[in-house]
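Going down the list, the sequences are from chains W and A. 23 is the number of the first residue of the first sequence in our numbering; add one for each residue after it. 23 is the number of the first residue of the second sequence in our numbering; add one for each residue after it.
Some clues are possibly wrong.
Claimed, not checked - Subject to a maximum C-alpha distance of 30 Å in a straight line, what follows is the list of computed DSS-like cross-link-like pairs (lysine-lysine):
id, chain 1, residue 1, chain 2, residue 2
1, A, K24, W, K82
2, W, K132, A, K347
3, A, K24, W, K347
4, W, K115, A, K343
5, W, K305, W, K328
6, A, K305, A, K319
7, A, K24, W, K157
8, A, K154, W, K347
9, A, K347, W, K343
10, W, K103, A, K343
11, A, K343, W, K157
12, A, K24, A, K228
13, A, K157, W, K103
14, A, K24, W, K103
15, A, K154, W, K115
16, W, K343, A, K343
17, W, K319, A, K24
18, W, K305, W, K24
19, W, K343, A, K24
20, A, K132, W, K347
21, W, K343, A, K157
Unchecked claim - Reference excerpt, derived from the structure (chain A facing chain W, CB under 7 Å, subset only):
id, residue
22, N74
23, A109
24, D277
Stated by the list, open to error - Just a sample of chain W residues kept apart from chain A, beta carbon distances all over 10 Å, derived:
id, residue
25, K64
26, I77
27, P119
28, Y180
29, D183
30, A186
31, E188
32, I195
33, L225
34, K228
35, D245
36, G256
37, F301
38, V312
The hints are simulated quantities; they were obtained by calculation from the structure and are not laboratory data. Owing to the predicted nature of the structure, the values given are computational and were not obtained by experimental measurement. Idealized CB from N, CA, C, for every residue including glycine.
2 protein chains.
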Amino acid sequence: MKRVAIGIDIGGTNTVLGVVDENGDVLVKDSISTPTHGDAKKYVHSLSDSINELIDSVHKLNADAEVMGIGIGAPNGNYYKGTIEQAANLAFKGVVPLVDMLRENFPHLKALALTNDANAAAMGEMIYGGAKGMKNFVMITLGTGLGSGIVVNGDLVYGHDGFAGEVGHTTVIPHGRVCGCGGEGHLEAYCSAPGIKRTVFELLAKYNDGESELAKYSFGELDSKKVYEAAERGDKIAIEAFEITGEHLGQGLGDTVCHLSPEAIFLFGGPTAAGDFIFKPTKESMERHVLPIFRNKVEILPSKLKSGSAAIVGASALVWKELEKE
Amino acid sequence: MKRVAIGIDIGGTNTVLGVVDENGDVLVKDSISTPTHGDAKKYVHSLSDSINELIDSVHKLNADAEVMGIGIGAPNGNYYKGTIEQAANLAFKGVVPLVDMLRENFPHLKALALTNDANAAAMGEMIYGGAKGMKNFVMITLGTGLGSGIVVNGDLVYGHDGFAGEVGHTTVIPHGRVCGCGGEGHLEAYCSAPGIKRTVFELLAKYNDGESELAKYSFGELDSKKVYEAAERGDKIAIEAFEITGEHLGQGLGDTVCHLSPEAIFLFGGPTAAGDFIFKPTKESMERHVLPIFRNKVEILPSKLKSGSAAIVGASALVWKELEKE
Numbered sequence: 023m024k025r026v027a028i029g030i031d032i033g034g035t036n037t038v039l040g041v042v043d044e045n046g047d048v049l050v051k052d053s054i055s056t057p058t059h060g061d062a063k064k065y066v067h068s069l070s071d072s073i074n075e076l077i078d079s080v081h082k083l084n085a086d087a088e089v090m091g092i093g094i095g096a097p098n099g100n101y102y103k104g105t106i107e108q109a110a111n112l113a114f115k116g117v118v119p120l121v122d123m124l125r126e127n128f129p130h131l132k133a134l135a136l137t138n139d140a141n142a143a144a145m146g147e148m149i150y151g152g153a154k155g156m157k158n159f160v161m162i163t164l165g166t167g168l169g170s171g172i173v174v175n176g177d178l179v180y181g182h183d184g185f186a187g188e189v190g191h192t193t194v195i196p197h198g199r200v201c202g203c204g205g206e207g208h209l210e211a212y213c214s215a216p217g218i219k220r221t222v223f224e225l226l227a228k229y230n231d232g233e234s235e236l237a238k239y240s241f242g243e244l245d246s247k248k249v250y251e252a253a254e255r256g257d258k259i260a261i262e263a264f265e266i267t268g269e270h271l272g273q274g275l276g277d278t279v280c281h282l283s284p285e286a287i288f289l290f291g292g293p294t295a296a297g298d299f300i301f302k303p304t305k306e307s308m309e310r311h312v313l314p315i316f317r318n319k320v321e322i323l324p325s326k327l328k329s330g331s332a333a334i335v336g337a338s339a340l341v342w343k344e345l346e347k348e
Numbered sequence: 023m024k025r026v027a028i029g030i031d032i033g034g035t036n037t038v039l040g041v042v043d044e045n046g047d048v049l050v051k052d053s054i055s056t057p058t059h060g061d062a063k064k065y066v067h068s069l070s071d072s073i074n075e076l077i078d079s080v081h082k083l084n085a086d087a088e089v090m091g092i093g094i095g096a097p098n099g100n101y102y103k104g105t106i107e108q109a110a111n112l113a114f115k116g117v118v119p120l121v122d123m124l125r126e127n128f129p130h131l132k133a134l135a136l137t138n139d140a141n142a143a144a145m146g147e148m149i150y151g152g153a154k155g156m157k158n159f160v161m162i163t164l165g166t167g168l169g170s171g172i173v174v175n176g177d178l179v180y181g182h183d184g185f186a187g188e189v190g191h192t193t194v195i196p197h198g199r200v201c202g203c204g205g206e207g208h209l210e211a212y213c214s215a216p217g218i219k220r221t222v223f224e225l226l227a228k229y230n231d232g233e234s235e236l237a238k239y240s241f242g243e244l245d246s247k248k249v250y251e252a253a254e255r256g257d258k259i260a261i262e263a264f265e266i267t268g269e270h271l272g273q274g275l276g277d278t279v280c281h282l283s284p285e286a287i288f289l290f291g292g293p294t295a296a297g298d299f300i301f302k303p304t305k306e307s308m309e310r311h312v313l314p315i316f317r318n319k320v321e322i323l324p325s326k327l328k329s330g331s332a333a334i335v336g337a338s339a340l341v342w343k344e345l346e347k348e
């Protein structure tokens, strides 16, 4: 018997899903559109069809495969209730009881669990990645936003209402940049792909620097990859943009360390491709901001999850975690 | 049989200890000097004598009393190791293995545990106070500093190294006031008894206000109680000082909420006597700073621990928590 789990990542545009084995290898995968309108019932119907097809495919690959459960990562996913609640980037309004709806279609599966995408990534890191054996760590996902998953004593922290772990919405600059959530000065407004772009534009304005290679991009065109490439070629604006990003991120992670004293903090996502340009100033800033008792104790590490499959793999890890609890 | 626990609170000047019953009532108590020099051995000897005297006294009160254990709250107390490490306000240098030293003298006790004072207060709130039945909450102690104890899923969060829960050293103002720890802009530098005093002096300077009743005090004379009394009499500087304190505290607690999504946050200590002067702006600021999903979910409540005995009672609560784990 080969035990496998289904991982589903629900994004604003697409829902990707796959069958993952206990080593974190994706055996088969699929993708369906996340609806831009309409109700959740129809979506769950297509999703269930796709899951059944995946199960068939994996059985063709290995007749002994046993599907243990389904893990789902979704924006505003509530682990306690198995629901997606008021997700700004999804068409479903209100509260969607996704776990209950899927359980009707897959009553024989041992484990069905849902959480937000960053929590799923944290589980992926713990079950398959660099956090194997760690009991206290934090996962930070950098992309369009800044997501986080917090693990304490080997378990994800969900808090009273199921929504804990929103480090992206801690305040680093009082009355600072407007955040996507409407707040001011939140970490995510500085330390995310758009945050890096915003910093570049501030710096171009500050230095009135027409010589920077970043001066040729419109706000709509620039992305964090271009900033990284410019930094590699020695562009001063690009390098300073990463230094400032690291300064803010280190401050924010310093706050996380003071709360939780984790063994390590993992960074995942596009902007981490910049390597030392972002890791070094982040680490320096974090050490400067924390209480001396925490200094040089907490590692900042790149995630070991593969960027292409991390979302599916992370979601599937929820299944193994649920089975552990039995 | 009446089960009782010994609670010990080690402060820079005095060590207070008492025998506490399961309702949180202090039956007998004592106090010895915390040494200002010398080694820990001699101190543990006096402390053990005092503990034995307390045990004798409680047996005289109630022959059926059974002492279940000793709980200790101490600056830089490490729960995992039972040690006090590099505590700035204590004469003992380096690492003092206090739990091991006491265990030699009290080998028959079922539970011996040590943590820092704010964590002990959090346990007190959970076992005897306003957090009874809560699984996710945060305790904030306002005094000379700002201490905190974080409870997740019914357990104190100690983190990887035993020192988690230092919310006082999160950064609220980048490059802000110098903190006692050497850091800049830490929450404790704004939201503590000295922090309130510092704010008053900034405001007197800002407004050049010789009319405020607080204008008559030197920096050495002013304390947060005088600021509260002035606020009650309508002094504008005093009222604004609390508003600013609440603004910063709300920002810091907002960060805590984004990390942990607790059910409630309890405030304990001298400055909380100011009531609405501090609770109201704190709550308003916290709601403004958090991600909308957390808004109007987290209560900020005054601690229900009695200020005179909270330290002993909190420390004794560690014993009941340890016995639960058996």
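Results for each hint:
1. K24(A) x K82(W): At roughly 66 Å apart (the allowed maximum being 30 Å), K82(W) and K24(A) break the hint.
2. K132(W) x K347(A): holds (29 Å)
3. K24(A) x K347(W): violated (36 Å)
4. K115(W) x K343(A): Roughly 43 Å between the alpha carbons, so the hint for K115(W) and K343(A) is violated.
5. K305(W) x K328(W): OK: K305(W) and K328(W) at ~23 Å, within 30 Å.
6. K305(A) x K319(A): holds (11 Å)
7. K24(A) x K157(W): Violated: K24(A) and K157(W) sit about 38 Å apart, past 30 Å.
8. K154(A) x K347(W): Answer holds: K154(A) to K347(W) is near 26 Å, not above 30 Å.
9. K347(A) x K343(W): With Cα atoms ~22 Å apart, K347(A) and K343(W) stay inside 30 Å; holds.
10. K103(W) x K343(A): Cα-Cα ~29 Å, so holds.
11. K343(A) x K157(W): holds (21 Å)
12. K24(A) x K228(A): Distance ~59 Å between K24(A) and K228(A) Cα, so the pair is violated.
13. K157(A) x K103(W): Holds, because 17 Å separates the two Cα atoms, which is no more than 30 Å.
14. K24(A) x K103(W): With a Cα-Cα distance of about 42 Å, the restraint between K24(A) and K103(W) is violated, given a limit of 30 Å.
15. K154(A) x K115(W): Cα-Cα ~36 Å, so violated.
16. K343(W) x K343(A): Distance ~26 Å between K343(W) and K343(A) Cα, so the pair holds.
17. K319(W) x K24(A): violated (44 Å)
18. K305(W) x K24(W): violated (41 Å)
19. K343(W) x K24(A): Roughly 42 Å separates the two Cα atoms, so the pair is violated.
20. K132(A) x K347(W): It holds: about 29 Å lies between the C-alpha atoms, which stays within 30 Å.
21. K343(W) x K157(A): This hinted pair holds, its Cα atoms lying about 21 Å apart.
22. N74: violated (33 Å)
23. A109: Result: violated, 10 Å to nearest chain W Cβ.
24. D277: Constraint on D277(A) satisfied, holds at 4 Å.
25. K64: holds (26 Å)
26. I77: Holds, since 34 Å exceeds 10 Å.
27. P119: Nearest chain A Cβ is 17 Å from P119(W), so the label holds.
28. Y180: It is violated; Y180(W) is separated from chain A by about 7 Å at its closest Cβ, not greater than 10 Å.
29. D183: Since the minimum Cβ distance to chain A is about 5 Å, D183(W) lies within 10 Å and the statement is violated.
30. A186: violated (4 Å)
31. E188: violated (4 Å)
32. I195: Since the minimum Cβ distance to chain A is about 7 Å, I195(W) lies within 10 Å and the statement is violated.
33. L225: With a cut-off of 10 Å, L225(W) remains clear of chain A, as the shortest Cβ separation is near 17 Å.
34. K228: holds (17 Å)
35. D245: holds (25 Å)
36. G256: The claim stands: G256(W) keeps its Cβ more than 10 Å from every Cβ of chain A (closest is about 28 Å).
37. F301: The assertion about F301(W) holds, with a minimum of 20 Å to chain A.
38. V312: The claim is violated: V312(W) sits with its nearest Cβ about 7 Å from chain A, within 10 Å.
When held up to the earlier numbered hints, the structure conflicts with 1, 3, 4, 7, 12, 14, 15, 17, 18, 19, 22, 23, 28, 29, 30, 31, 32 and 38 and fits the remainder.
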